[in-house]
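Start counting the sequence shown at 1; every next residue gets the next number (my numbering).
No false leads were mixed into what you were given.
Below are the BS3-like pairs computed for lysine-lysine, each with C-alpha atoms no more than 25 Å apart in a straight line:
| hint | residue 1 | residue 2 |
| --- | --- | --- |
| 1 | K56 | K264 |
| 2 | K332 | K276 |
| 3 | K320 | K276 |
| 4 | K95 | K56 |
| 5 | K264 | K227 |
| 6 | K249 | K113 |
| 7 | K320 | K227 |
| 8 | K207 | K32 |
| 9 | K283 | K332 |
Calculated from the structure, these hints are not laboratory results.
Values in this document were obtained by computation on a predicted structure and should not be read as measured data.
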Amino acid sequence: KENNKYGVYAERFYPISLNNNLEDMYWRLRTKAVLYDVPEKPIQIEGPDAAKFLDKVFSRTISSMKVNRGRYAIACNNDGGIFIDGVFFRLAENKFWYVQPDGALETWLMAHKNDFNVKVSDPNSRVIQIQGPSSYNILNALTNGAVDESFTYYHSGYFKIADQNVYISRTGWTGEIGYEIYTYDPDTDYKKLWNTLLEIGEPLGLKVDGIQSMEVRRIEAGILDNKTDFDMSVNPYEAGLGALVDLNKPDFIGKNALVTLSKKPGKKLYGIITDKSLIYKAKVFTSNGDCVGYLPLSTWSPTLQKFIGYVRFNHADEWKNFSIKVETDQNKLIDCEITD
Numbered sequence: 001k002e003n004n005k006y007g008v009y010a011e012r013f014y015p016i017s018l019n020n021n022l023e024d025m026y027w028r029l030r031t032k033a034v035l036y037d038v039p040e041k042p043i044q045i046e047g048p049d050a051a052k053f054l055d056k057v058f059s060r061t062i063s064s065m066k067v068n069r070g071r072y073a074i075a076c077n078n079d080g081g082i083f084i085d086g087v088f089f090r091l092a093e094n095k096f097w098y099v100q101p102d103g104a105l106e107t108w109l110m111a112h113k114n115d116f117n118v119k120v121s122d123p124n125s126r127v128i129q130i131q132g133p134s135s136y137n138i139l140n141a142l143t144n145g146a147v148d149e150s151f152t153y154y155h156s157g158y159f160k161i162a163d164q165n166v167y168i169s170r171t172g173w174t175g176e177i178g179y180e181i182y183t184y185d186p187d188t189d190y191k192k193l194w195n196t197l198l199e200i201g202e203p204l205g206l207k208v209d210g211i212q213s214m215e216v217r218r219i220e221a222g223i224l225d226n227k228t229d230f231d232m233s234v235n236p237y238e239a240g241l242g243a244l245v246d247l248n249k250p251d252f253i254g255k256n257a258l259v260t261l262s263k264k265p266g267k268k269l270y271g272i273i274t275d276k277s278l279i280y281k282a283k284v285f286t287s288n289g290d291c292v293g294y295l296p297l298s299t300w301s302p303t304l305q306k307f308i309g310y311v312r313f314n315h316a317d318e319w320k321n322f323s324i325k326v327e328t329d330q331n332k333l334i335d336c337e338i339t340d
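Kindly generate the complete structure, drawing on both the sequences and the hints.
Next comes the structure, spelled out in structure tokens:
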């Protein structure tokens, strides 16, 4: 339709905005359910050494995962910078998917697999998210009751929707109850699958939207975005993701650097709350006028009735203890609240 906006992310075409009222779709996400066509890209890692290989590449222990479970994990470079973040699913004992954002994960894995009996491939899966409080009733109906109340956060498994083979996880990018539906069968009838989602979902309050409403909610929920909020110049401890680093496991990429970095105080990434609209990539300043960072992204929060975002500081510190000012869209500096 006219005025719809689309983008390319992780080599995939996706809707950013479908000309809906942003605040209306935000509240539908919070009170009913929204269907999103998302550009996430699963990468498949399989073989006898798959678990051992992933323990080597990722900072979190992956080998302890149960089959049909998910786990959020990051990979770091040799200097301890965050290379990528995403969610693992263990589809079988020696078969994993890593659902990645934009980034060269497949090439990274190929570069490190020489000493392991593993195969890295693109399963050609496409992903849809249904997010919001009504999503459980919708998924329960779509799967004829197979997705039930025992299917809790980070559970996943194989199901059928409209006779189409899909893999479903109880995950999302909104902080709301939600599910992700992954195709994997080359014979998938995508039109039938999509139409069935709407046929079952619309009577239960489901509407289709681009990811703008999801973006607002993920910032409210404190969910980070790779390459927007952090990149390889930020380490897990500076991003508040130190819990995703298992320094007790055997050697993994970046471990030596992360051991040292774990002992340094402070963070680079913090939340921000203010009453005034902020400019794109607004700069932040100390009370004496020093520019100490910027906002990668900010948005209006309908729930808080405030402008919110993330601040990316130039260096790690206990920035909540500082008096910080931020640029508004009127080129003025105003006080703001720094949060964890």
